[in-house]
Structure formats: structure tokens, C-alpha cells
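Asker: Residue numbers (the numbering used here), protein chains in the order written: chain L, 1 to 303; chain A, 1 to 217.
Read the hints as simulated data drawn from the structure, not as lab findings. A couple of the hints might just be wrong.
Below, in silico cross-link-like pairs of lysine to any residue (SDA-like), each with a Cα-Cα straight-line distance of 25 Å or less [claimed, not checked]:
#1 LYS80/A / ALA117/L
#2 LYS89/A / THR215/L
#3 LYS112/A / HIS9/L
#4 LYS202/L / GLY72/A
#5 LYS303/L / LEU208/A
#6 LYS112/A / GLN107/L
#7 LYS112/A / LEU15/L
#8 LYS130/A / LYS303/L
#9 LYS303/L / SER8/A
#10 LYS70/A / ASP204/L
#11 LYS303/L / LYS112/A
These numbers come from a predicted model, not from an experiment.
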Amino acid sequence: MMRSWLTQHRFVFFLTLRRLFSTPVTSLLSVIVMGIALSLPAGIYVLMENLQSISGQTASSPQMSLFLKLDAKKDDIESIKQRLEEDPQIVSFQFISKDAALYQLQQNNGVTDIAAALVRNPLPDAFIVHTLEGAPEALEPLRVAMQKWPEIEHVQFDSAWIERLNALLKLGRFVVLMLATLLSIAIIAIMFNTIRLQILTKRDEIEISKLMGATDSFIRRPFLYFGTIQGLAGGATAWFIIALAIEAMNGELAELARLYNLDLHLQHLSSGDSISLLLFSAWLGWLGARISVASHLWQIEPK
Amino acid sequence: MIKFKNISKRYPDGYVALNNIDLTVESGEMVFLTGHSGAGKSTLLKLIAAIERPTSGTITISEQNIAQLKSGAIPYLRRKIGFIFQDHKLLFDRNVFDNVLLPLQISSFDNKAVAGRVRAALDKVGLLKKENALPITLSGGERQRLCIARAVVHRPNILIADEPTGNLDVEYARDIMAMFNSFNQVGVTVLIATHDASLLEDTQHRILSLKQGKLAA
Chain L
1 MMRSWLTQHR FVFFLTLRRL FSTPVTSLLS VIVMGIALSL PAGIYVLMEN LQSISGQTAS
61 SPQMSLFLKL DAKKDDIESI KQRLEEDPQI VSFQFISKDA ALYQLQQNNG VTDIAAALVR
121 NPLPDAFIVH TLEGAPEALE PLRVAMQKWP EIEHVQFDSA WIERLNALLK LGRFVVLMLA
181 TLLSIAIIAI MFNTIRLQIL TKRDEIEISK LMGATDSFIR RPFLYFGTIQ GLAGGATAWF
241 IIALAIEAMN GELAELARLY NLDLHLQHLS SGDSISLLLF SAWLGWLGAR ISVASHLWQI
301 EPK
Chain A
1 MIKFKNISKR YPDGYVALNN IDLTVESGEM VFLTGHSGAG KSTLLKLIAA IERPTSGTIT
61 ISEQNIAQLK SGAIPYLRRK IGFIFQDHKL LFDRNVFDNV LLPLQISSFD NKAVAGRVRA
121 ALDKVGLLKK ENALPITLSG GERQRLCIAR AVVHRPNILI ADEPTGNLDV EYARDIMAMF
181 NSFNQVGVTV LIATHDASLL EDTQHRILSL KQGKLAA
């Protein structure tokens, strides 16, 4: 029983391959269409994974700025230094006096004139504090505590751009999900129609098979195989499209990386994500075929 | 073996194809069904393979009520029956061998044994040398014999033929009748619908006559 079941499936598998290759242009075109449709959300996902890994590297040591009140005395500065040294969450800190800050400002192109026009130094003394690793939320209690120290005007996270990036990535993830949903529906629709046309051309075969005692699952099987194999091929095409795009972009990035003296290098999908892409695309093909078969086969009843 | 009880078949347009038929065909019997076209012969045969379902009445085959059969069970009923269709129902994109192979693929026979069985069936009808031919290249008589090979390849208990000698000349028709006789001799129940009176001249088998959906005495 098991052996004849395997024989049947092997037979249908090769039958499906023969059918795919018997109409090479049509098969190739629909595989390419599926590949392009899948490469869009998957490609954006790859870019985001890469962005995230870059932001992950930079965000490894969170940084805060402590601004002192303008009338803070030398003693106050010393006592804050002491407190910072004692806090276990703080890895290192750096004092920037108001004079040093003004000097920095004066060196800055564009604002030189403004700085020169200042009658008196409006800048406060400040500390730049590096804390232990952690999400901004985890460091919030520390920020609140420091805010309450004497002679502290304001404490702020300097990780705002990372937060912005994270918000952007969140938006990106949403876009990927939306695109993936829409294009998945499109792929299911494409497969639905492909199988519908196939069922129409195989009308006689289906009718005769039913007359010879074929079960519904026997009749469904070649169409489901067809959908699954085409879906899988579409997923593989998407994978190669992304690989080519990454190859091309890495060429461009190498130039940029050299100018900024950075290690910029895009990575392809991880092997786990690649397998997920292939399984998902195969599933989409199967699903489109399954819906099509369910809505068309019952119409073919022998008379 | 095959038992019709109060069988009627009325089509949705109101046409009554069969009207209150009672009929018993014993296991291993060979029966002819005659009547004008439109008398209900084809409908009666199709009811046995559940291709048509009766409007009322019961049909039992080996104690199983076909009239009430669930659609999931119909394929397994059809595998016990060899059906020779009036319009042949051959697959024109497959060669002779593959046409005969189809019933075996459907009922999941082991791949190694099937080729032998297909050739045995083709040999019985004298088409062994044409196994690679496409049906379109066969003559009318050869196509009919191909249908017979396909109907018997899975060794059914019941063989049903709808106008098997339809457009054939007398010589061919005799050949084909001889084949049915030989199947019947090995125990197969055979039902043949025909309006060809010449087939019935020297038969010892039972002849049932249908007239406007009713069995005539």
C-alpha cells in the first residue's frame, strides 16, 4: 500500500515536470512573474535586516547628556562627578565645560558669526555619560534619578537617531507585511487562473478518470503538484533576483564604504529565512491551485 | 447480483427516462438490453455505475445500495465495473498503451505488474502490435477494441457495454460479440445495450426489451 502510494506520487511528480516543460515559455513567464512579486517584499526585508544589524552595532553603548544649571559652581561639578563614579550603571563619562562647548561652537562652520555675536556664554557645563547596554526604556529610571540631582537642568538620551531608525524599521516591517500580503494574494490569483485554464484543457481526462473510478484526491493531485512546484520555482527565482540585486548594490556600497572608512556589506537572507521564503512560496502555489481545483472540479461531472 | 427495484429516472426538464423498473441480473449472467434509441437503455446502464442517480427506487449490487451511495464511495464502485461507452471516451493525447493503463493508475496497482496486465488486455483484443499508436490513427473497430481492453484491464466483475457494435460492419461485430462471450465464460457478469437486431439472432442469453422507459415482457 505504502509502496503504491509512493509510486503514485513519484509518477505525478514527473508528470507535472513534463507538463511544465511541455509549455516552457508559459511556465517560465509565470515563474518569473511570481519571482518578481515575491522578490519585492523579500528584498525590502533583506535591506531592513541589514539596516538593523548596522543600527545594532552602533547602539551597543547608549549615551546620555547631562546639562548643568547655568549657575552651577565648581563644587557642584565635583559632587556630580563623584555621583557618576559611584553609579554602577555608568561605564564612563566625560566633562565638557561651558568654555570648551563655546569653543567647539565657534569652530563650527556656519554658526561662527552667531557665536561671535554672543555677549556672554549661553552654554551650560555638561557631562557625556556612557551607560551599560540596554534599551532606552531600561535606562529611563536612571535618567529620572539623575534629573533629580542638584544643579542638573536636563538629562537627555543621545540615542534619538537610533530610536528614529527603529521607528523607521518598524514602519518598514509594516510595509513589508502589507506588500507581502497583497502580492501573496496576487500570486494565489495567478495560480488560481493558471490551474483554471489547465482544468479546462484537461476536461476530457478528468471526466474519463472519474468514470474509471478516480477519487477526487487522485484528480486533484497533479494540479496541486503543479501549483506547488511552480510556487517553489517562483520562490527560488525571487531568491536569485535578491542575490543579484545585493551583488550589484555591494559594488556601489564598496565605494561609499571606502570614502567613509566603514565596513558596509549587505548580507543575503539567512539560510533559515531562505528556506522560509521557499516554503512560503511553495505553499502559496499550492493554495492557489487548491482553491482553483475546489471551485472548478465539481463542475466536471461525467454524464 | 444486480437488482433494480421500483427504479424511476426523471430528468429536471420533466422527461421520464425510466419508469418503475424491476430487474435482477444474476452473477455471471450475460444479458442484452434492446429498444429504440431514447428507450432508456443508456440511462439504465449509467445507473449501475452511478453516473446517473435514480429519482426513486433502489439498486443493489452485491448487497450495496447504489441509489444511496455517498459521492466519496462512487469511485470504488466504478473500479469494480468495466464500462464500454457509446462515445468511446478515449484520451486522444495518449497512445494505446497509456489509455489502457489509466484504470490501473487510478486504482493504484504496483507499477511493475501493470505493464504486463496492460499487454495481456491488449493481446486479448488483438491490439498488442499497436500499443504505441495514437487512438486517432485507429479504425473504428480498433477503437472499439481499445475500449474493451481498457474496460477489462482491471479485471472487473461486471462488464457494461453501451452499443458496442454501433457503427461496425457485421464481421467486426461478430468478433466483438465473441470477446464478450469469452469474458462471460470466465465468470464476468455482462450487460450489453444494443439496437442491432442481428446481434440477437442466435444468442442463448436473456434479452430485455425497453419501451418508453418500461420493461416489456
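Asker: Taking the hints in turn, state whether each one holds.
Answerer: Status of the hints after comparison with the structure:
1. A hinted pair counts as satisfied when its Cα atoms are at most 25 Å apart, and LYS80/A with ALA117/L does not qualify at roughly 105 Å.
2. At most 25 Å may separate the alpha-carbon atoms for a hinted pair to count; LYS89/A and THR215/L meet this at roughly 18 Å.
3. At most 25 Å may separate the alpha-carbon atoms for a hinted pair to count; LYS112/A and HIS9/L meet this at roughly 15 Å.
4. This hinted pair checks out: LYS202/L and GLY72/A have alpha carbons roughly 22 Å apart, not beyond 25 Å.
5. Among the hinted pairs, LYS303/L with LEU208/A is consistent with the structure: their alpha-carbon atoms are about 24 Å apart, no more than 25 Å.
6. Using a Cα cut-off of 25 Å, the hinted pair LYS112/A and GLN107/L is violated, with the two alpha carbons roughly 89 Å apart.
7. With a C-alpha separation of about 18 Å, the suggested pairing of LYS112/A with LEU15/L holds against the 25 Å cut-off.
8. At most 25 Å may separate the alpha-carbon atoms for a hinted pair to count; LYS130/A and LYS303/L exceed this at roughly 30 Å.
9. About 17 Å separates the Cα atoms of LYS303/L and SER8/A, which keeps this hinted pair within 25 Å; it holds.
10. Using a Cα cut-off of 25 Å, the hinted pair LYS70/A and ASP204/L holds, with the two alpha carbons roughly 23 Å apart.
11. Between LYS303/L and LYS112/A the alpha-carbon distance is near 33 Å, which puts this suggested pair outside the 25 Å criterion.
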